[in-house]
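**Student:** As a plain string of letters, each chain reads:
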Amino acid sequence: MSAAAKRVAASSLNWAKVGEKLTSVHASDLGRLRGQNSTFTAQVDQLPADLPKVDFAALKKALPTHAATIDSLQKQYEAVKIPYGEVPKEYLDEIKQWQEYNETRIRLHEMKVADGLEQAKKVEAKWKSAPPVEHFDRQHFAEYFPQHFYDLRYQERIPDPCSIGLNETDAFQQRFSDYKVLRRPDKVDDH
Amino acid sequence: MSLSRLVPSKGTRVLIIPIQSRTAAHAAPAAAAVKTGDEEPSFFQKIALRFQGIPLKGEAQRPKTMFDDLDKEFVPPEPLPALPKDFKEGPERDLANFPYPARSMYPPKTRLLMVPDSWCTPFHKITGTSGPYLFYGGLFAFLVNKELWVFEEQGHMLVGWLIFYLLVSRAVGHKLDASLYKGYTERMNYFKGLIQEDLKDAVEFRKTSAAETESLATVKEAFPTILKENMQLQLEAAYRKNVSNVSNELQRRINFLKETEEAKTRFERDIMLKWIVNGVEKQTQDSKDFRLKSKARSSVHQSLLWPF
Numbered sequence: 001m002s003a004a005a006k007r008v009a010a011s012s013l014n015w016a017k018v019g020e021k022l023t024s025v026h027a028s029d030l031g032r033l034r035g036q037n038s039t040f041t042a043q044v045d046q047l048p049a050d051l052p053k054v055d056f057a058a059l060k061k062a063l064p065t066h067a068a069t070i071d072s073l074q075k076q077y078e079a080v081k082i083p084y085g086e087v088p089k090e091y092l093d094e095i096k097q098w099q100e101y102n103e104t105r106i107r108l109h110e111m112k113v114a115d116g117l118e119q120a121k122k123v124e125a126k127w128k129s130a131p132p133v134e135h136f137d138r139q140h141f142a143e144y145f146p147q148h149f150y151d152l153r154y155q156e157r158i159p160d161p162c163s164i165g166l167n168e169t170d171a172f173q174q175r176f177s178d179y180k181v182l183r184r185p186d187k188v189d190d191h
Numbered sequence: 001m002s003l004s005r006l007v008p009s010k011g012t013r014v015l016i017i018p019i020q021s022r023t024a025a026h027a028a029p030a031a032a033a034v035k036t037g038d039e040e041p042s043f044f045q046k047i048a049l050r051f052q053g054i055p056l057k058g059e060a061q062r063p064k065t066m067f068d069d070l071d072k073e074f075v076p077p078e079p080l081p082a083l084p085k086d087f088k089e090g091p092e093r094d095l096a097n098f099p100y101p102a103r104s105m106y107p108p109k110t111r112l113l114m115v116p117d118s119w120c121t122p123f124h125k126i127t128g129t130s131g132p133y134l135f136y137g138g139l140f141a142f143l144v145n146k147e148l149w150v151f152e153e154q155g156h157m158l159v160g161w162l163i164f165y166l167l168v169s170r171a172v173g174h175k176l177d178a179s180l181y182k183g184y185t186e187r188m189n190y191f192k193g194l195i196q197e198d199l200k201d202a203v204e205f206r207k208t209s210a211a212e213t214e215s216l217a218t219v220k221e222a223f224p225t226i227l228k229e230n231m232q233l234q235l236e237a238a239y240r241k242n243v244s245n246v247s248n249e250l251q252r253r254i255n256f257l258k259e260t261e262e263a264k265t266r267f268e269r270d271i272m273l274k275w276i277v278n279g280v281e282k283q284t285q286d287s288k289d290f291r292l293k294s295k296a297r298s299s300v301h302q303s304l305l306w307p308f
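Protein chains in written order, with our numbering: chain A, 1 to 191; chain B, 1 to 308.
Because the hints were derived from the structure by calculation, they are not lab data. Hints may contain errors.
What the hints assert, rightly or not - In silico BS3-like cross-links for lysine-lysine, where the CA-CA straight-line distance does not exceed 27 Å:
| hint | chain 1 | residue 1 | chain 2 | residue 2 |
| --- | --- | --- | --- | --- |
| 1 | A | K128 | B | K88 |
| 2 | B | K288 | B | K264 |
| 3 | B | K88 | A | K121 |
| 4 | A | K75 | A | K53 |
| 5 | B | K288 | B | K274 |
| 6 | A | K128 | B | K192 |
| 7 | A | K122 | B | K200 |
| 8 | B | K200 | A | K128 |
| 9 | B | K46 | B | K72 |
| 10 | A | K128 | B | K85 |
| 11 | A | K21 | A | K121 |
| 12 | A | K121 | B | K200 |
| 13 | B | K175 | B | K192 |
| 14 | A | K112 | A | K21 |
| 15 | B | K241 | A | K81 |
| 16 | B | K228 | B | K241 |
| 17 | B | K46 | A | K89 |
| 18 | B | K200 | A | K112 |
| 19 | B | K200 | A | K126 |
| 20 | B | K228 | A | K89 |
| 21 | B | K57 | A | K126 |
| 22 | A | K96 | A | K75 |
| 23 | B | K182 | A | K122 |
| 24 | A | K81 | A | K53 |
| 25 | B | K220 | A | K128 |
| 26 | A | K53 | B | K258 |
| 27 | B | K85 | A | K126 |
| 28 | B | K241 | A | K61 |
| 29 | A | K61 | B | K264 |
| 30 | A | K75 | B | K241 |
| 31 | A | K122 | B | K88 |
| 32 | A | K121 | B | K85 |
| 33 | B | K207 | A | K121 |
| 34 | A | K53 | B | K241 |
| 35 | A | K122 | B | K85 |
| 36 | B | K258 | A | K81 |
| 37 | B | K220 | A | K17 |
| 38 | B | K85 | B | K241 |
| 39 | B | K207 | A | K126 |
| 40 | A | K112 | B | K220 |
Construct all of the structure, not just a fragment, from the sequences and the given hints.
**Tutor:** Structure representation (structure tokens):
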């Protein structure tokens, strides 16, 4: 029983410190866990930690006619042992499974970070090696700002200086790829 | 960069002397009048003062005049950023033979409005400073003499166009340059913004990924403890509930015993009271009857004794 009390006392976590380090996604998980924790803590706080001591001798004096009953009660009371119980193994196994899942998640995150860092380094290296934008040549604009400029020397696209979306689909390329004929694919050329 | 830079500021003054002298001639009496301060300037003097940008009496600020920018050279507030030293786009760039064509802020220097300075300087070592002029003048004279350069019949119109260009460029060149420079700066800033946005993504990624890594490490460290702790707390709560139940049950039994004891005492007291009351009542009744009987007896006795 005292061990249980110790366990409960020792289980205090620095929630604020943990919460500071978490991102919003994990913070919501922590919030749910904290809700459970506070519920159980409130229950624990409300209930007595141990069986109270009863003065059976005084009771016997007060109720001499029920001395035998009180004796029996005392024996029963002293003999009662409330089992503390333990966390079921399958639940602990679930925690282990969750830990494995978390490890996998961390590994995936590390892979993502490695890829992303590589990309970030590429981007930073690209702009580090670029000349100042005031000294850009014409081809630099197409090279460094492909969303805004295009180079018709090697890009297959229709000039679209007003950005009306001629190149969003390949309908125009299809239409004008062959200027000789415009026939439906199902049309049979039998003459 | 506009062509107005082709014309040195000093040289144009000769061409626009008539304009300047005319404005000066108009403004002179007005300025004199203002200086004296005795007389109110006339209507035309006011116009002249207005054109000159001289405030009238009672005006706190100098009026904006269209001649403010006349013959003024636009100088950008800051030069173009210099290319990094030995800048290379890639490792294969041959900087010795193909240097990067850095954009210059100003056009190259010219002489006589249009002769590039670089065409003249090589002559200096051999012919001295007047050599290039003699050479090009002699060449031009030779070409004209041999009719290799033939004056076109409408060629003189070019002089008029040149004068017109010089007038316009001197008049609005500053404004034009300023507005063009503004547009150029805005466009460059737009591209710089695009670059910053691209770099910001990289910086943001570094930040968010670092935060996510720290968060996951904290989760790994703290969450199993929290989960176990929550289950322990549930166990503790269940245990305490059982304890509470046991103590409640004991208390209930003790209370029952106490109540039975109290009830027993109460019954005993009630019965005793009742018994006493009954006894007393009985006694009183008996005494009452006795008295009545004795009274009756005495009356009988008396009647017996005293029958009449």
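**Student:** So, for every hint listed, does it hold in this structure?
**Tutor:** Hints versus structure:
The suggested pairing of A:K128 with B:K88 holds, with an alpha-carbon distance near 11 Å, which does not exceed 27 Å. Distance check on the hinted pair: B:K288 and B:K264 sit about 35 Å apart at the alpha-carbon level, beyond 27 Å; violated. For a cut-off of 27 Å, the pair hint linking B:K88 to A:K121 stands: about 19 Å separates their Cα positions. Taken as a hint, the A:K75 and A:K53 pair is honoured in the structure, with Cα atoms around 13 Å apart against an allowance of 27 Å.
For the suggested pair B:K288 and B:K274, the alpha carbons sit about 20 Å apart, so the restraint of at most 27 Å is met. With a C-alpha separation of about 13 Å, the suggested pair A:K128 and B:K192 falls inside the 27 Å cut-off, and the hint holds. Only pairs whose Cα atoms come within 27 Å are accepted, and A:K122 paired with B:K200 is accepted, the gap being roughly 13 Å. Between B:K200 and A:K128 the alpha-carbon distance is near 14 Å, which keeps this suggested pair within the 27 Å criterion.
Of the supplied pair hints, the one linking B:K46 and B:K72 holds, its CA atoms being roughly 24 Å apart against a limit of 27 Å. Our distance criterion of 27 Å between C-alpha atoms is met by A:K128 and B:K85, whose separation comes to about 13 Å. A threshold of 27 Å between alpha carbons decides the hint, and for A:K21 with A:K121 the separation of about 26 Å falls inside it, so the pair holds. This hinted pair checks out: A:K121 and B:K200 have alpha carbons roughly 12 Å apart, not beyond 27 Å.
For the given pair, B:K175 sits about 25 Å from B:K192 by alpha-carbon distance, which is consistent with the 27 Å threshold. Restraint check for A:K112 and A:K21: the C-alpha separation of about 20 Å stays at or below 27 Å, so the hint holds. A threshold of 27 Å between alpha carbons decides the hint, and for B:K241 with A:K81 the separation of about 14 Å falls inside it, so the pair holds. Taken as a hint, the B:K228 and B:K241 pair is honoured in the structure, with Cα atoms around 20 Å apart against an allowance of 27 Å.
Proximity of B:K46 to A:K89 is assessed by CA-CA distance (about 103 Å); at most 27 Å being required, the pair is judged violated. For the given pair, B:K200 sits about 18 Å from A:K112 by alpha-carbon distance, which is consistent with the 27 Å threshold. Annotation: proposed proximity of B:K200 to A:K126 holds, straight-line Cα distance about 14 Å (limit 27 Å). For the hint pairing B:K228 with A:K89, the CA-to-CA distance comes to about 12 Å; that is within 27 Å, so the pair holds.
Proximity of B:K57 to A:K126 is assessed by CA-CA distance (about 62 Å); at most 27 Å being required, the pair is judged violated. The straight-line distance between the Cα atoms of A:K96 and A:K75 is roughly 44 Å, outside the 27 Å bound, and the hint therefore fails. Taking the CA atoms of B:K182 and A:K122, the gap is about 33 Å. The hint is violated against a cut of 27 Å. With a C-alpha separation of about 14 Å, the suggested pairing of A:K81 with A:K53 holds against the 27 Å cut-off.
Taking the CA atoms of B:K220 and A:K128, the gap is about 38 Å. The hint is violated against a cut of 27 Å. Distance restraint check for A:K53 and B:K258: the Cα-Cα separation of roughly 18 Å lies within the 27 Å cut-off, and the hinted pair is therefore satisfied. Restraint check for B:K85 and A:K126: the C-alpha separation of about 18 Å stays at or below 27 Å, so the hint holds. Between B:K241 and A:K61, the direct Cα distance comes to roughly 31 Å. Violation of the 27 Å bound is thereby established for this hinted pair.
Between A:K61 and B:K264 the alpha-carbon distance is near 16 Å, which keeps this suggested pair within the 27 Å criterion. A hinted pair counts as satisfied when its Cα atoms are at most 27 Å apart, and A:K75 with B:K241 qualifies at roughly 22 Å. A C-alpha spacing of about 17 Å is found between A:K122 and B:K88, which places the hinted pair at or below 27 Å, so the restraint holds. Our distance criterion of 27 Å between C-alpha atoms is met by A:K121 and B:K85, whose separation comes to about 23 Å.
For the given pair, B:K207 sits about 14 Å from A:K121 by alpha-carbon distance, which is consistent with the 27 Å threshold. Between the alpha carbons of A:K53 and B:K241 the distance comes to roughly 17 Å, so the proposed pair stays at or under 27 Å and holds. A threshold of 27 Å between alpha carbons decides the hint, and for A:K122 with B:K85 the separation of about 22 Å falls inside it, so the pair holds. For the given pair, B:K258 sits about 26 Å from A:K81 by alpha-carbon distance, which is consistent with the 27 Å threshold.
Restraint check: the Cα-Cα separation between B:K220 and A:K17 comes to about 15 Å, which is no more than 27 Å; the hinted pair holds. The suggested pairing of B:K85 with B:K241 is violated, with an alpha-carbon distance near 79 Å, which exceeds 27 Å. Among the hinted pairs, B:K207 with A:K126 is consistent with the structure: their alpha-carbon atoms are about 20 Å apart, no more than 27 Å. With a C-alpha separation of about 18 Å, the suggested pairing of A:K112 with B:K220 holds against the 27 Å cut-off.
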